[in-house]
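Student: Line by line, the protein sequences give chains A and B.
Heads up: the first sequence begins at 1 in UniProt numbering, then just goes up one per residue.
Heads up: the second sequence begins at 1 in UniProt numbering, then just goes up one per residue.
In short, the hints are calculated from the structure, not lab data.
All of these numbers come straight from a predicted model, not from anything done at the bench.
Glycine included, each C-beta is placed from N, C-alpha and C at the ideal position.
Short, incomplete list of chain B residues facing chain A, as computed with Cβ under 7 Å: (1) R54; (2) E110; (3) P121.
Here are a few chain A residues that face chain B, going by a calculated C-beta distance under 7 Å: (4) R24; (5) T50; (6) V57; (7) C61; (8) R69; (9) L109; (10) A113; (11) L141.
Some chain A residues flagged as far from chain B (calculated, every beta-carbon gap over 10 Å): (12) A4; (13) L15; (14) T17; (15) A39; (16) A40; (17) E41; (18) P43; (19) L132.
Protein chains: 2
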Amino acid sequence: MRAADLAVSYPTVGLGTSALEAARLLAGADLPGLIVVDAAERPYTILPGTQVLRLAVPAYCQEDPALARVIDEAHADTFLRDLADRTVAECLPTPERELAVVAPDATVLEIAALMARTRSPLVAVVDGRTMLGAVTLDALLDRMLAS
Amino acid sequence: MRAADLAVSYPTVGLGTSALEAARLLAGADLPGLIVVDAAERPYTILPGTQVLRLAVPAYCQEDPALARVIDEAHADTFLRDLADRTVAECLPTPERELAVVAPDATVLEIAALMARTRSPLVAVVDGRTMLGAVTLDALLDRMLAS
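In isolation and in its complexed conformation, chain A is listed as follows (with noise of 0.2 Å):
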């Protein structure tokens, strides 16, 4: 069992699509996380669902609790709203050190250490330049313990 055979078709966001377009689709489909892609499709980024969090979540909040309290519900739907005025290009955290990208033959426990170093849910499988899909931490784990 190899990460080519794991690979499932994923949808993607672009650098230009709005941050709010991103937040939309991780919930509805709800998504593990997603993934960004450049020009030319490949992966540019993988955000877990908890770092697509940071695309509407003021940096100030994020690292000051007792910032993120004091601010009232009415202005927390404000900055929502500006979300749908931003790409993902312009929302984008500082880049993961490493990508949660993996080649097609690689095995279950590569996927599944590499998931827990990068803690991303979600890994691409690329093939050069070309996305062959991804493999999610629940497909990862429905095929471990299924053996």
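Given chain A's structure and the hints, the job is docking chain B onto it.
Tutor: Below, chain B without anything else, positioned relative to chain A:
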């Protein structure tokens, strides 16, 4: 809208639960993570799904992609069988510095900031010594985007 309004009942595992049973619960119910409770049913640690993988993947494979690569499928199955003989407590990774727990009056923005910071798609809502339930990333996003 506060944490208490968003909290829903969520399955928990104990420190003495078999690690295999914990992994099966995560996979079987497609949960975003596990809440590990102590003897008093209070959250001891909250494991995002990707960190539950650490229960199953040997430490030396997690940090060294080359080692994960050379272990063949037969050996990978052996690691999973070992899980049945170990408890969650025996497999737990180093505890996170910050527990993904909020008070019942936490705001939506506060929960979102905590999820982004701890990289946990799941927070427990705790009132003093009692766990009221949990808020998942999906539920939080649905609430944020509905407004």
